[in-house]
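> Listed here are the chains, written in short residue letters.
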Amino acid sequence: MEEKKGLSRREFLKTTAVGIAGAGLASFPLESVAQKGVEPLQIMPEKGAVLRVLRWSVFVQGDKDLWDKNTRKWEEATGCKVMTEYISWEDVRPKAAMAASVGAGHDMVLGWHDDPHLYPDKLVDMTDVCTYLSKKYGGFEPVCYKYGINPRTGRWIALPIGGPVNCINYRESWVKEAGYEKPPSEVYEFIKMCKKLKANGHPPGFALGHAVGDGNNWTHQWLWTFGGKCVDKDGNVVINSPQTWAALEAVKELYDTLIPGTASWLDPHNNKAFLAGEISATTNGISIYFAAKKDFPEIAKDTNHVNMPIGPVKKPTELHLFNQAFIFKYSKFPNACKHYITYMLEEEQAAPWINAMIGYVGPSLKAYKNLPIWTSDPKITPFRDCIANMLWNGYEGPEGVASAAAMAEYIVVDLIGDACVRGKSPKEAAQIAEQRLLRYYKKKVSVPKKEAPAPAKKEAPAPPKK
Amino acid sequence: MQAATEQRGWLREKFSDLLEDRNFLGFLLVIPAEAILLIFLAYPFILGLWLGFTDTVIGRKGNFIGFDNYVSLLKDSTFWLVTYNTFLYTIVAVFFKALLGFMLAIVLNRDFVGKGLTRAIILLPWIIPTALSAIAFWWLYDTTFSAITWTLMKTGLLHHKIDFLGDPTNARISLIVANVWRGIPFFTIGLLAGLQTIDPTLYEAAAIDGAGSWKRFRRITLPLVLPLMAVITTFSTIWTFGDFQLVWVITKGGPANATHLFGTLSFQRAIPGGHFGEGAAISNFILPILVICVLATFKFLRRED
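If you read the protein sequences in the order shown, they are chains A and B. Quick note on the working numbering: the first sequence kicks off at 1 and runs consecutively. Quick note on the working numbering: the second sequence kicks off at 1001 and runs consecutively.
Just so you know, the hints here were simulated from the structure itself, not pulled from any lab data. None of these values were measured; they are calculated from a predicted model. Glycine included, C-beta positions come from ideal geometry on N, C-alpha and C.
FRET-style restraints, in silico, Cβ to Cβ: (1) A:256 x B:1040: 51 to 59 Å; (2) B:1038 x A:260: 48 to 56 Å; (3) A:388 x B:1132: 37 to 45 Å.
Part of the chain A face toward chain B, derived, beta carbon under 7 Å: (4) 94; (5) 97; (6) 100; (7) 101; (8) 118; (9) 119; (10) 209; (11) 210; (12) 261; (13) 263; (14) 401; (15) 404; (16) 405; (17) 408; (18) 417; (19) 422.
Here chain B stands alone, though its shape is the one from the complex (with noise of 0.2 Å):
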């Protein structure tokens, strides 16, 4: 009994001192966040991995194939047009989003009546579920019932109907602008916090020193904001580079898989067409491509420091 009291005495003094210990302490604390990370992001991730090398069609399991499902792939020339689909509607879109939320920032980092009001404004497109914003610009690219070709036509600007999602050009350049305009504020919330961070006697000193203001920008402004633009181009590259909504949404991948992305493609051949293998390896085409933007930003960080 005694031996038994004195055991758990030492049990517990045992754990007391490990407790002590800031290491042992941190690994406990972070057990149920590990847990939750390793439940619904490692395993989805290493499954996802794992369905790309098999042959599973939807309701049977499949067999380790290798990678038979790459190969099959490399030889198909849809898969091809989607991943020039995907590159050009990532760079073209991101490029316009860090363009145009760059000017947005540096009108709203100054000061004129009204400025909280329409920086919450600029986050609208944001907040709004994607979903939602899929709709209205279907709704507003529909040929017979589009309210921009509406207005033009009712101005006598234009005479004809736009085919916007129809034709493989127009389609694109569509879905291009509904990204941009949803990805805009992303860029000018972020670059705006940067760019307010900036101390403003640097200026002062500067153009005492007879610099104008675009010698400003180029020398303070834009060295200062660079670290931060980087790695908000990094997300904002991941996110587009994975879209899915907004194309499913308003083309499904149509006019002849014209605006098909990688997500969209690899939805439509794993769930409707039951090829689940084969989806899942399209998707894992994605992840090369985003580890060497994500490791080109971490060195493009690390040389600024």
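If we strip away everything but chain A, and leave its shape as in the complex, we get (with noise of 0.2 Å):
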């Protein structure tokens, strides 16, 4: 008998069900976080679809394995291919932007931070596949809507899926040692503690070189935290206010307490210091506990976690690398690309993944803070919240190309640094600042003809009231 190709839309919903409500069993028998009774997304993967997918080489193991086998059972399930190209996080933003200006490459990019809004108009609305996984999951974390929204039109260009988040990594031993239960929750206090740890010749590390996240990260919240910020609602610099005076003034008296040689630190410094003993406190991912627990158990057994201090703004202000999904409107198999990347959300493959990477990626959908993996090791609970207390990068002002330049660029972390380690003033340390910003936020990018915006649309969906 000839072998069917294919499969008629009944049959694929069938055999799509059963195969999500077995796998649910097998490796999640706890109770579903997903609401009940939401009308299930009606999409039909165009036949025979071979997807190009281009995304980040993982930090932990757990991450490709889990998003790999959840990949060949929806191949399985569809008859479709999926090929994923996984390269450095750092490349994935030249490699997608490559593709968005020759029309040709992957279908679709689990890209990072502002890369929708640099390209808006050449990728696939996503507005279907978000409303759906919002009205199953509980909702997107309000950060979401700054990064998935196209501004101009209200419509969704990417689809929020988290990021791998930062908290404050510390040695519960020393910390006891220095007078605390755990770091303290304000600012200064937190700023106290340092210097009691240095006292005691466990000094903390904060990257403070051109390291891509673990500097931008820190330094941004720490300039918002004190009510500091680049640019106002408008994308008028106003980077140079006494908010940011005040965060200078304060991150000098931790740099004091800070490790010698942070002024180079590049991404991996941190974690290699943390895991030799050499620093008692630093911000990163769950990767330092994650590579701790396989190699260093001593160490994991003495590390905790908290989230980021909080300033005179009295509300978090974290930033943390924000990964979004986000398909090119030249693919010719759009529908299979929402297809796909709806069921790798789906509770049945998301929670076995988050539970594999043991909380690297904190979620984007609000249900999956439920999952009973941030709570199975008190150690990981506080990275369930760090996307819900994230700010968007380039806050407060549009997502874009200004916004990504001045991180490319480093201003931030360059703006602590010159108020650190060179020896500027508060002052001077903001008007450089402010005249490097002022190169972005004030040119104009002109926008040739043919590709001028479409209108905004009517039936746009509003971000919910905060």
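Using the supplied hints, reconstruct the complex from the two chains, each of which is provided in its own coordinate frame.
Here is the structure:
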């Protein structure tokens, strides 16, 4: 008998439903976190679709194992194929941009931060997928609306997935020795603790070199928590403010407590120093704990995490790497891409995936914060709330070429570095940053007539009121 | 039918006549090489030049904006810092590479046991991929794990850790040292080849005339290797000026842009920063400087002739 190619819609839905239920029972016997009764997403993948997906290579092995396993499951269920190209996370942006420029390449990209806002009109509308997942999994965290929606059209252009999030990683015994049960959540108290840690011969260490993730994340958070920011809502540069000066005064105090050499630290430095027992605290993802559990069990036992300290603004202002999936309009298989990424974020696949990473990627969908993994080990619980605590790159201004360029130029990292390492007064440092920001925020980016954006559509879904 | 055959014969004859023409045959033979140069060198080069005059940003075609990118760069303090860095890096590194390379070439030109092996070892820094040697230096310069600091502290010569890359001056010196280490073999091997072509009888005659070793070096060795030195220095200057890998792996241009060069700033602004036009304009700034460098060398060589 000739083998039947492809599936009818009915057969397909039946097969996937069975597959999903089976997987769910086998790997996750606990109560479902999904909202019941949400109407399924009516998308049919193109027959025989072969998807080329570009994503960042893994930080923790469990990520890749489960991601690939779930992909194979989707392939079996749909008869389609996925070719995933894993590349270093910093290389995703140029490759995706090249694809956008030439109109050929990967069908779907799992990119970073402002990527979708660099070429919003070249991306497939994701509103259906985002609305469905949002309804089913308790809605997105507030920052996702800023990252995923094109402000000109009000439509979703990317599906927020979450991010490899950062917390304060600290050594319990040394923090206790300094007289604290855990690092204080108030920023000035936190500085006091760092002074004591240093006095005891266990200084902390925070990356102040051109470290793409570890440098940018904590310095932005520090600036914002004092009320400083690069730009206001309209993109006017407002960095040279009393709030920024206060942030710089405080960070100078913190810097005096750090281990020497942090001005040159790139992303891997703090991991190495923490695992070598050279530093008592740093900001990092769960990768240090993950590595310690495997190779340095004594350090793992003594390691714990808390969220970043909060300053005068009295609410969390964290920044983390933020990952989202977007599909290019040139793709021949937009529906298959949508179906695939939705499938990957359904509980049956996403729960074991987040589980295997022991929480490396903080979830964008609120319901996933209820997964048992987050409380299975109290040391990972703080990572659960990071996405809820975060602001977007370029806060409080619009996402786009200027915010991307400002981050790539390390303007905020250098602002902190100028004040701490290079002896500039807070006002001088802020002025330098102001000049550098003005180059991008003042610059008008002209849009060729052919590529002018489409007028806003009326049925735009409104982000939730904070 | 016959007319067609006749015409084909005529064409064949004409073509074989053309092949007899040395100019035409020469042109025909270089077409493949020219095509490769055009596609892989001239096209990207011209595209780079063109991009420098546009406001192209990532993922979007730009418009022609004349010299706006260049004017904006000339007003940018980071660009001026990077210009200073690049000149400092190139001048100091090339000077030391030339000096040490020449000294090493003179030593290696003498007869000693294990000469062949030593010459092979000297080439190692040049052969190892830069990305690998950059990672080795990255570890050597690590504040926490540096083998240099560790050795000095263990031997009691030092009592604190050296901040190789955190301080702007230290970072510049560290990168220049890494570049010099990598570039010395190019000078050594090049100049060694030059030294070996000098006729030994010249030295013998000079010695008979009573010239000491300094005088022989000044009057014979130096003038004879100078043209070669000029060519090697030009090449080395071009490479050092456009250096990227060492800096990108070791410091990414930090701390506070103290080690950014034209190459790294151009990449940073074009690719992660998304401003292709501006990135290309920074690269284009290198061009006139290098052209002047090459012209100066040619002028010097012509004078030598």
